[in-house]
Amino acid sequence: MKLHINPKEGKPIYRQIMDQVKYLIASGRLSPGDELPTVRGLAQDLLINPNTVARAYRELEQAGILVTRQGAGTYVSTQGTPLSREACGRLLLERARALAAEAWHLGYRLEDTLSLLRRAHEEQQAEQHNDKEDTP
Amino acid sequence: MTEAAGLESVIEVRDLVRKFRRKQALAGVDITVPRGVVYGLVGENGAGKTTLLKHILGSLRAQSGSVRVFGMDPVKEPVAVLSQLGYLSEDRDIPGWMRVGEAIGYTQAFYPGWDEAYAESLRERFELDERAKIKTLSRGEKAKCGLLLALAYRPPLLVLDEPSSGLDPSARHDILEAIVRTVADEGRTVLFSSHLLDEVERVADVVAMIHRGKVVFEESLDSIKARHGRLLVSREEEDGPAPELPGLLHASGGGREWTLVCEGELDALRTEATARGLLVLEADTPSLEDVFLARVAPGKRKGTAS
Chain A
1 MKLHINPKEG KPIYRQIMDQ VKYLIASGRL SPGDELPTVR GLAQDLLINP NTVARAYREL
61 EQAGILVTRQ GAGTYVSTQG TPLSREACGR LLLERARALA AEAWHLGYRL EDTLSLLRRA
121 HEEQQAEQHN DKEDTP
Chain B
1001 MTEAAGLESV IEVRDLVRKF RRKQALAGVD ITVPRGVVYG LVGENGAGKT TLLKHILGSL
1061 RAQSGSVRVF GMDPVKEPVA VLSQLGYLSE DRDIPGWMRV GEAIGYTQAF YPGWDEAYAE
1121 SLRERFELDE RAKIKTLSRG EKAKCGLLLA LAYRPPLLVL DEPSSGLDPS ARHDILEAIV
1181 RTVADEGRTV LFSSHLLDEV ERVADVVAMI HRGKVVFEES LDSIKARHGR LLVSREEEDG
1241 PAPELPGLLH ASGGGREWTL VCEGELDALR TEATARGLLV LEADTPSLED VFLARVAPGK
1301 RKGTAS
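Residue numbers (my numbering), protein chains in the order written: chain A, 1 to 136; chain B, 1001 to 1306.
Quick caveat, the hints were computed from the structure, so don't treat them as lab data. For clarity, every value in this text was computed on a predicted model and none was experimentally measured. The beta-carbon is built from N, C-alpha and C at its ideal position, and this holds for glycine as well. Accuracy of the hints is not assured; some may be wrong.
[To be verified] If we take Cβ atoms under 7 Å as the criterion, some of the chain A residues that face chain B in the derived model are:
id : residue
1  : Ala43
2  : Gln44
3  : Ala101
Okay, chain B solo, but in the shape it has when bound (with noise of 0.2 Å):
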């Protein structure tokens, strides 16, 4: 316990950059996760958070730039850092061939810090048969084997990615259970991926966003929800196009009636819009799912430059 407490950051990431042939996957890459917290990673599919992750866990170099997984090179030092990483895969790529019992036992064997015990109360409590065959489990099945595999050494670090994606409520219940449980516990880490932004706003402590192999911000969520503001407005004129606010991102609706992302304080916003002709209807924290749209949805973006 203590030899980790002098660590401010379980990862650190720096100027990453990632080229597949012509492809920029990632273009400057710079994350820091803090010990102890749930770090949510966000973005639409292909802006690079599968490719971060892989450079994370050490299964690709990095082409340019530096990345550190307690403090250590994940290239260099894999058996060091895997040790403390427990990891679920997109793809939970579990042979096909083996049962419960047999993929348990040898993970086990990797792993000098396994807790059977645990092991066993999370097979039960997932409900997984020993004896099935990988092959013959549902799709929430085997998202739930592949996190037992991953939570049964108790690794300070547990990295995640798209834990939910394509699985049944109940499934992604465990999963979403899995993460409260495991940050509960003193100085344990949570790093996981998601399309799925209210699971994100359920369980992270600080969110990144990345687009176009970019971060586009990293901060706290209580952050994000406190520079942000969404108002219902309305006003005058039956047409035209949308109304004008200093801070806008994103305006959807038409005719009369608005709503309008905005980045800048609530009461602010509110006072400003009424100042310029607007009956505010409505003035509230946009949801992640409001502020990640209004940012990087594509061909709804409003033109105000970035």
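Chain A with its partners taken away, still in its complex shape (with noise of 0.2 Å):
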């Protein structure tokens, strides 16, 4: 599990391994039952506070994406699509923001901006059916 943590950003560290846990499962790079690294390892591994990491697997785990195994590790969780569609929406709504004010910044009418984003859409669909060509 590769994390990047940029205290620069302004948004908070523990938000920012939150969001981007949330985009590994969303992406599939980490799978249901797969185990996250411990809060100390990624702690020293990333060089911030263990309570940090400790707050960001803790709310994870409120929101039911991760379970934690007394003594056992912390798991990305296999009760079905955690992220509930609100979730899913803030997420997105986030990113969004930020293209929207890009687009304006670049002078782009927003039928310009959609039109990007559905060929970046299609783009997308393209790669995920080859990737699925390429796997036997």
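Quick one: dock chain against chain with the hints and give me the complex.
Structure follows, in structure tokens:
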């Protein structure tokens, strides 16, 4: 599991961890049942306070995304799709705001931005299709 | 372990005042360092950080006010306090003629709790040559050597004065790692001063901001971030003074676009800015550096009375 922390970004570091774990799950790079690094291990790896990692794990656990088995580590939950529609919406809205701001800066009209989004979506669909063909 | 469990805080400084001739170095400082946290002391050069740390170490006596470390006065009970405290000074004062191995042996003699195996593992991790003379070491190696000497008796309190100052990324990495490892051990406490705010943001639980000998605020990093917001706004008018907003600490930019760092809850700030006819392009949580610059940077202050 590779996470990237940027203290200059402003977003609290525990939220950066939470969002990235959610993305890794949503993109399939972390699967249900996968084990996460220990709090200490991840803190040392990212050079951040262990309490911050513990808080991110705790909140992900409360949201039903991770489960901690006493003395046996932290795992991605196997209970269905843990990200509620609402949580996904919040994550995407944040990205959409950034995109809208960027487009506005560059003088793009909404229709042009939307057609770029459509193109990115098509590219991504094609890529997934290719991935499926590759695996026997 | 149990004898310390009853103590709520490791360090308590109350109304500490220090004058050097005419200069007021500390003008009534209060800080409380709870056990088991990483406590970051931030402020500009000359704000009073090192003077405060010297009082905590007992190398300066309080002119008025009080300093308690593990419940003791470090000036009256230096041995009891210093035996529980590992210290890395800003100028890493280890005698230059000593070899690394000698400095380790010399320091070991003062501490009954010295962990020889731990010292050796740190020396290997930091890639320090036992036979090298201190004066031949690079800045980074000197800092690592000082850190080894401060850590090897596993003190319950680690005090670091500007540990990363002037160091290359590899030495900075080792210093940060040492802080993270130290506090990962149950109940150990780290107090460090730094002007590298992204490092403070990485590792600190609690942050105290010192400005002109006074504590501007002392609170958890989470709460500092939760009560500040940063907006990027755009307005119709091409020119004129910075837009006004309740809680505004600092405005930068010009023309149509402005970045506003404000005290206040983010959604409320967004609503307020929109109500004032500003187009909010971005609204997010400021970094500690943004908050610091907005509050204490000289010449960059917005004229909101404090």
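Hints, verified against the model:
1. Ala43: Nearest chain B Cβ about 5 Å off; hint holds.
2. Gln44: Holds, because the Cβ-Cβ distance from glutamine 44 of chain A to chain B comes to roughly 6 Å (cut-off 7 Å).
3. Ala101: holds, 5 Å
Of the numbered hints stated above, none is contradicted by the structure.
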